[in-house]
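What follows is each chain in one-letter form.
There are 2 protein chains.
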Amino acid sequence: MDGHNLAGQRENNAVAQVIISFLKYEEYALKEVYSLRVKKWESISERQKGMIPNYTEYLANLKTSIQENAKFFKSVAEYAMQSIKIEPEEIVRPSDMDMSKTCSLLTQVYREWSAEAISERCCSHSRLIQFLRTVEPSKTDILIPGCGTGRLLVDLSQLGYNCEGNEYSYHMLLVSQYFLNAGLTQNQAIIYPFIHCFSHWKGNEDQLTPIKIPDIEADSLKKGMGSMSICAGSFVDCYGRNQGTKISSHYTFSKRMQMSRAKAENSKDVVITQFFIDTGPNILDYLDTIVHVLKPGGIWCNFGPLLYHFESDHGVETTYEVNPYSGFQDKINDSTPLMGLELSSDAIISIATNRLNFKLIQRESGILSGYGRYTGPESCAMPGYMCHFWVLKWTPSGEL
Amino acid sequence: MDGHNLAGQRENNAVAQVIISFLKYEEYALKEVYSLRVKKWESISERQKGMIPNYTEYLANLKTSIQENAKFFKSVAEYAMQSIKIEPEEIVRPSDMDMSKTCSLLTQVYREWSAEAISERCCSHSRLIQFLRTVEPSKTDILIPGCGTGRLLVDLSQLGYNCEGNEYSYHMLLVSQYFLNAGLTQNQAIIYPFIHCFSHWKGNEDQLTPIKIPDIEADSLKKGMGSMSICAGSFVDCYGRNQGTKISSHYTFSKRMQMSRAKAENSKDVVITQFFIDTGPNILDYLDTIVHVLKPGGIWCNFGPLLYHFESDHGVETTYEVNPYSGFQDKINDSTPLMGLELSSDAIISIATNRLNFKLIQRESGILSGYGRYTGPESCAMPGYMCHFWVLKWTPSGEL
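Chains as they are written, first to last, in my numbering: chain A, 32 to 431; chain B, 32 to 431.
Treat the hints with care, as some may be off.
A pair counts as met if it fits within one copy or between any two copies, since identical chains are not told apart.
[To be verified] SDA-like cross-link-like pairs, simulated, lysine to any residue; straight-line CA separation at most 20 Å:
id	residue 1	residue 2
1	Lys132	Asp344
2	Lys94	Gly214
3	Lys105	Leu61
4	Lys62	Met112
5	Lys132	Glu342
6	Lys70	Asn364
7	Lys132	Ser343
8	Lys70	Thr95
9	Lys55	Gly397
Hints were generated in silico from the structure; no laboratory data involved.
Predicted, not measured: the structure shown is a model, and the values here were computed from it.
When you get a sec, could you build the whole thing from the sequences and use the hints?
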């Protein structure tokens, strides 16, 4: 088996592990979410049980909702299995992290593919589209790193833009493949996206709200005027600089990725980072990568909070520089903290304009946006995040 | 050493452990917060270092801020040490949880004792006080379970109400003792309450904002018209029913607590739960306890979110019933989940009115309240919680 096949096999195993986590959702959620609550209920005194007579009915509804979600995950898994031959002996059992990511996909699907979350999506889309109106769609190549389950890709390709998504998570990738290609009809499926959150509810029925998905006809994607594709992998690995970037868990030195990166240079008119820029352990690698893929005069639009994902992660990774000709490793740091470099928005804008030849076109701070928020009457769900929006133009030769 | 002294000794050890966690704050924060970020900075390439030339200055300011916070914790510890003789050989080393609680005290102190957080406090105080205006202060005994570092106690006793606080956390208790009794002058001390959060900042200087505390003259407490005291321990253990409550980590069967609970019965005119009702593993025990302490016609005011603290806690505890005469243990459940019984606000109100003889006086949902939120211009800090407010009157004989 050569290096490329080996990588392909590893990839297949990773995909298989996610597929298994979809198939095991029901077993996991019944055990970790439902059964523990039944046990708690059983443990209280008869007198206290009499105080909440409707609780058993609530628990029964919770169980049914889990089973309904399991149907959704099963159909995503079945669609995915058509594209990969799972070899059971090589399958790693899904970790708790895999299962937790599977559960949180429900929020992501709600956010991206329900009518109820339109106002949430509009919060960023309206700002992005207001800017995009100033450019000619058919001549505009857009890159969307962290494209999630693909909704923004669809919406922009429908407007005629040529869109390329990039996503690191196989959980997201398998779901996006399902929504983009499985030919779903409008409101074909039902999920219960809120059942994994037990706090903040005004009424039990709010938590148990069924949501129809998708809100748009999946088939309409095929009629999209712009092109659409998704590249799997880390943003920095797929699109970053070939020189001057330290090797890390998100950046490798394989021939295949070197070629991918060389091809990406100066290739995009617009990079849109939406709920993405805060996701990596080194935001400077993200900034370098954005510069690397933009054409001169290209645009970087950002919308989202600065909720640095590694802020509290006490893990470390090995980073080092490498000589592209000899492969010699230099400046090895085998315990680089994952936390750190949590830049403020002022700092990011300052680096972009003072060090990376960007010109600030537009900026807005403190935009409250829900994130998978239940929107029923008198909702007490967590309000969401205070988001930052900016538009920066890359002007390497001082042009405007 | 008899049982009471043994309990006293255990209590002293617990207090000592918290005091040590205050004294070790600087060492802990420099190691876990500051040094890891220095290490990350050192690990990036020279080229990337050149992109953020001000970062070393930022790190130096972060270090200074930690050292300033350490001065605050040192003075709280020194004041506390006057009240307890620490015997070093019995001191348990503070856990990571102890240290994490110490760091989060900065948020609590900011919330309760700074002028900057007035609008945050007013969000609940204004509603409570509007109701309290309808009763005669000198004839009103108020109980505030989960009184934190004591600010609401002070504010209400200044208005003439007789206030008793109750708090389970020694971290909180030592800080409340300091603010209530150490004779601090207005703006005497400075803390940097935001430095343990690295996300969401518009500018670095926002994170490094110094805050003067306290905003009120600590000595004015002595002139309070109402009485003021704080009882240490679990709400259910100190004030709960003596019969029909299952023994748990929050409810014991000692003679001392039985006497405390007997004394508490029908003793209060008002119970105020503020950011508290969601903190225990069995909210029904809280409801029982509120009923137990209220006089007929008494009032329960609640303000806060329903952010159930044990929602994601996979731990278990042992619970059982006990015969008060024989001490015989019955209905033992040695693996009661901590999670569970996360009631919606509708469910709580329904239990109160349909099962516990409360009458609903006032109710409001979806009140956005900051929680230790930085309030500077264009703040992008997390918005806070959607809070519930209700006033319920206990009418056991149908009286209004």
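Hint check results:
1. Taking identical chains as interchangeable, the C-alpha atoms of Lys132 and Asp344 lie at most 20 Å apart whether they share a chain (17 Å) or sit on different chains (17 Å).
2. For the identical chains of this complex, Lys94 and Gly214 are neighbours neither inside a copy (29 Å) nor across copies (56 Å), given an alpha-carbon limit of 20 Å.
3. In this assembly of identical chains, the alpha carbons of Lys105 and Leu61 lie at most 20 Å apart only when taken from the same copy (15 Å versus 48 Å across copies).
4. Taking the shortest alpha-carbon separations for Lys62 and Met112, neither the intra-copy value of 25 Å nor the inter-copy value of 47 Å comes in at or below 20 Å.
5. In this assembly of identical chains, the alpha carbons of Lys132 and Glu342 lie at most 20 Å apart whether taken from the same copy (19 Å) or from different copies (17 Å).
6. In this assembly of identical chains, Lys70 and Asn364 lie within 20 Å of each other by CA distance solely across copies; the values are 10 Å between and 48 Å within a copy.
7. Taking CA atoms no more than 20 Å apart as the test, Lys132 paired with Ser343 passes in both settings, with 18 Å inside one copy and 15 Å between copies.
8. For the homomeric pair Lys70 and Thr95, the shortest alpha-carbon distance inside one copy (17 Å) is at most 20 Å, but the shortest distance between copies (49 Å) is not.
9. For the identical chains of this complex, Lys55 and Gly397 are neighbours neither inside a copy (40 Å) nor across copies (36 Å), given an alpha-carbon limit of 20 Å.
When each numbered hint is compared with the structure, violations occur for hints 2, 4 and 9.
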